[in-house]
Amino acid sequence: MQIAQKKRCRICGWVLNNSALPFDFMGKGRLWGSGLSQTQDAFVEFRRVQKSYDGEVLVVKDLNLKLPKGEFLTMLGPSGSGKTTCLMMLAGFETATHGEILLDGQPINNIPPHKRGIGMVFQNYALFPHMTVGENLSFPLEVRKIGKADREVKVKRALDMVEMGDFINRRPAQLSGGQQQRIALARALVFEPELVLMDEPLGALDKQLREKMQFEITDLAHRLGITVVYVTHDQTEALTMSDRVAVFNDGVIQQIAPPDVLYESPDNSFVAQFIGENNTLAGVVDSIDGDVCQVKLDSGDIIDATPVNVSKVGERTLVSIRPERVEANPKRLKKGAHTLKAEVLEFIYMGDVFRTRLRVAGNDEFIMKTRNAPDQQRLTPGEEIEIGWLPTDCRALDA
Amino acid sequence: MTETTGPLLAADGTPLKRKLAQSLFRSRARAFGLTLPLLAFIIVVFVIPIAQFLTQAVVDDRYSSLMPKSTIALAEWDGVSEPSEALAAAVVADLALAKENKTIGKVATRVNREKSGARSLFTKTARRAAKMEAPFLDALYERDKKWRDIEIWQGMKVASKKYTAAYLAASVDRKITADGKIVRQDEQRRIHITLFQKTIWIAFLVTLFTFLLGYPVAFLLSTLPMRTSNLLLILVLLPFWTSLLVRTTAWIAMLQGEGVLNDLFVAFGIAGDDARFSMIYNLTGTLIAMTHILLPFMILPLYSVMKTIPPSYTRAAKSMGATDWTTFWRVYFPQSVPGIGAGALLVFILAISFYITPALVGGQDGQMISNFIDYHMRGSLNWNLAAALGGVLLVIVLFLFWVYDRVVGIDNMKLG
Numbered sequence: 001m002q003i004a005q006k007k008r009c010r011i012c013g014w015v016l017n018n019s020a021l022p023f024d025f026m027g028k029g030r031l032w033g034s035g036l037s038q039t040q041d042a043f044v045e046f047r048r049v050q051k052s053y054d055g056e057v058l059v060v061k062d063l064n065l066k067l068p069k070g071e072f073l074t075m076l077g078p079s080g081s082g083k084t085t086c087l088m089m090l091a092g093f094e095t096a097t098h099g100e101i102l103l104d105g106q107p108i109n110n111i112p113p114h115k116r117g118i119g120m121v122f123q124n125y126a127l128f129p130h131m132t133v134g135e136n137l138s139f140p141l142e143v144r145k146i147g148k149a150d151r152e153v154k155v156k157r158a159l160d161m162v163e164m165g166d167f168i169n170r171r172p173a174q175l176s177g178g179q180q181q182r183i184a185l186a187r188a189l190v191f192e193p194e195l196v197l198m199d200e201p202l203g204a205l206d207k208q209l210r211e212k213m214q215f216e217i218t219d220l221a222h223r224l225g226i227t228v229v230y231v232t233h234d235q236t237e238a239l240t241m242s243d244r245v246a247v248f249n250d251g252v253i254q255q256i257a258p259p260d261v262l263y264e265s266p267d268n269s270f271v272a273q274f275i276g277e278n279n280t281l282a283g284v285v286d287s288i289d290g291d292v293c294q295v296k297l298d299s300g301d302i303i304d305a306t307p308v309n310v311s312k313v314g315e316r317t318l319v320s321i322r323p324e325r326v327e328a329n330p331k332r333l334k335k336g337a338h339t340l341k342a343e344v345l346e347f348i349y350m351g352d353v354f355r356t357r358l359r360v361a362g363n364d365e366f367i368m369k370t371r372n373a374p375d376q377q378r379l380t381p382g383e384e385i386e387i388g389w390l391p392t393d394c395r396a397l398d399a
Numbered sequence: 001m002t003e004t005t006g007p008l009l010a011a012d013g014t015p016l017k018r019k020l021a022q023s024l025f026r027s028r029a030r031a032f033g034l035t036l037p038l039l040a041f042i043i044v045v046f047v048i049p050i051a052q053f054l055t056q057a058v059v060d061d062r063y064s065s066l067m068p069k070s071t072i073a074l075a076e077w078d079g080v081s082e083p084s085e086a087l088a089a090a091v092v093a094d095l096a097l098a099k100e101n102k103t104i105g106k107v108a109t110r111v112n113r114e115k116s117g118a119r120s121l122f123t124k125t126a127r128r129a130a131k132m133e134a135p136f137l138d139a140l141y142e143r144d145k146k147w148r149d150i151e152i153w154q155g156m157k158v159a160s161k162k163y164t165a166a167y168l169a170a171s172v173d174r175k176i177t178a179d180g181k182i183v184r185q186d187e188q189r190r191i192h193i194t195l196f197q198k199t200i201w202i203a204f205l206v207t208l209f210t211f212l213l214g215y216p217v218a219f220l221l222s223t224l225p226m227r228t229s230n231l232l233l234i235l236v237l238l239p240f241w242t243s244l245l246v247r248t249t250a251w252i253a254m255l256q257g258e259g260v261l262n263d264l265f266v267a268f269g270i271a272g273d274d275a276r277f278s279m280i281y282n283l284t285g286t287l288i289a290m291t292h293i294l295l296p297f298m299i300l301p302l303y304s305v306m307k308t309i310p311p312s313y314t315r316a317a318k319s320m321g322a323t324d325w326t327t328f329w330r331v332y333f334p335q336s337v338p339g340i341g342a343g344a345l346l347v348f349i350l351a352i353s354f355y356i357t358p359a360l361v362g363g364q365d366g367q368m369i370s371n372f373i374d375y376h377m378r379g380s381l382n383w384n385l386a387a388a389l390g391g392v393l394l395v396i397v398l399f400l401f402w403v404y405d406r407v408v409g410i411d412n413m414k415l416g
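Order-wise, the sequence lines are chains X and Z. The first sequence runs 1 to 399 under my numbering. The second sequence runs 1 to 416 under my numbering.
Hints listed in this document are in silico derivations from the structure and should not be mistaken for laboratory results. There could be a bad hint or two in this list.
Dumping the calculated DMTMM-like pairs for lysine to aspartate or glutamate here, alpha-carbon to alpha-carbon at most 20 Å [as the list claims (entries may be wrong)]:
#	chain 1	residue 1	chain 2	residue 2
1	X	Lys-115	Z	Asp-324
2	Z	Lys-181	Z	Glu-76
3	X	Lys-145	Z	Asp-324
4	X	Lys-66	X	Asp-104
5	Z	Lys-198	Z	Asp-365
6	Z	Lys-106	Z	Asp-61
Using the sequences provided together with the hints, build the complete structure.
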């Protein structure tokens, strides 16, 4: 889409018709003038940002984050993990207690929200109930003093973009949740910001609609080339939508990585537990040899694992194995796989997969997911079986 | 099933609507039964007395019941020609009767309302009425030449009607002549229209002031954290726990010539000791005291509406580039309008009928229509006019209510 290639003001997101600005129209020379000399590829940057509301507890602890232009970054984490606070600091509704937030190389700590030019989509959509859809979309253009004819063109284009062109004269109350969501999206994009923040925008929608909107939002973001910071507590949403995911817990980013890396190589047990389903076995590190370590489980079994954040022998560890990496069919077990005895506690037929709950090394909640295939046997509770996995799929994490 | 053109039927063949009404009857009857004591109480002590009192605005049988003979004669008289001998005879007979029954005072007062000077004429004539002999008309003329004035007779004709629009007319500075025309009251007797105008003006000003003072307070209350806002809300409600009389007299202590405020003004050199501000016993005093007393009625509806406006609206507006003022004016303010409507209507209707405060601190120019109604109730004992004035006030309030409904919409109002 050509919008992305136009020259814009880097703070407010206006598309500029002439490349040279005759005067400092934002009233803040440093925003525009010195930005050109800095050669940083980070479009948004958090530098050692801390935030406390009461002076006693840090909600955000020493946050460092860089994201390049055009990236779709999701901040994922349980409630109270500091992700929304980060978003609000970026939008300008909260001030950082310490540290700097930079937008396109310029510190924006002291710029009020309305001068940041960042589009925002809210959880409850925040569509103005006393205005029609058209007036809602026209609002950001009006406050930018864009002429009426131009406004109408832009509003129409934005509505067409979300396929809501026929709803221009409706009131928000007359729209369904999904339709309101689209209008909120169009309103955040109509003034062509380069950065758009979304605060759990799909939280109020039902599952089917949510999945549809997930696709539409990512598609739109990539087509327009905008940078998106997306906050959610839904890990599926984070995995399916993002270029990178930052997992928050306790005011700290636990891991920031593309979805596949996050899922397959979690850095610590919080990430492993939070993203997807995960089996954990507690034990003590027995030996470490390069990228293989041996863990003595509490049940006495010794297994091989990949050391991730264990450093010395004798340390407590949680070994993490994804349910779908566990195999019970001896024919399917790969070479070098590690086997362990297990007792079947529960067998659930789920259509495409079988979900089996096992007792493994004293853990009653060990889940195995096996694909429904002709050669896959169906297990019965009480059965004693042998299960196995590859040591590379088995990660020794912090306890 | 294609023949379902008639009303839907329940399983046993009765129409569904009737069935539904039957099944809901019990619960409805019980709910209604619970409200019955209050309903009965309100009807007995509120609705009936008020309705009865308001009828006095158009019903006045004082003359017709006390002076029965002349009432019939006056009804036959055309109101312009010279009174007939028969009419004069009836009047003299009635006056003699009234004198005997000691009701002449009431009759004289009644006629005096239509034509001043009638009271003394009636009492004077009544003293001799029993001894008067035919021809009665000449006897009356002889007794007092005022009887030659046709307006006295016309006044009697108006007063003799049991159902009369005279009081309603008087309450809007009109009078009804003997031949049934409605004309404007004499210049010096036109007071009610001005008073109604002033009452509406005072109510409007008080509404405006409470809005200007209350809006920021309500906004603050709605944005503060729960603990602090609850504390402040108690401070807003505190005046409710004090008697209206106490609050009003407190304002007298504050505002009077030797009062707290004036002392401060003098101390700070804002006013000279010999030129203190007169802030009480005038319009200023009424406005200040009423604004203070009615302020909570503005703040509470505003607060309850503002509390429901999510902060994400203002955030959204700012994220789209709106300045603080634009955000307030285009986004926040329109959503607080239901609260403004409710508060303004509440304050206005309470203010338009305010009585104690203007009576105590209003002086000459701070009086409102209620004070005049009170005067007619207790001072002049003209209950009919009081009822008429009250009726007109009620109509004005209902009319404004109707206008409000048309302009703002009554369902656009939130009281809490």
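Hint by hint, here is what the structure shows:
1. X/Lys-115 with Z/Asp-324: Satisfied, since the Cα-Cα distance of roughly 11 Å is no more than 20 Å.
2. Z/Lys-181 with Z/Glu-76: holds, 17 Å
3. X/Lys-145 with Z/Asp-324: Status holds; Cα separation ~16 Å.
4. X/Lys-66 with X/Asp-104: holds, 11 Å
5. Z/Lys-198 with Z/Asp-365: holds, 9 Å
6. Z/Lys-106 with Z/Asp-61: Holds, at about 11 Å.
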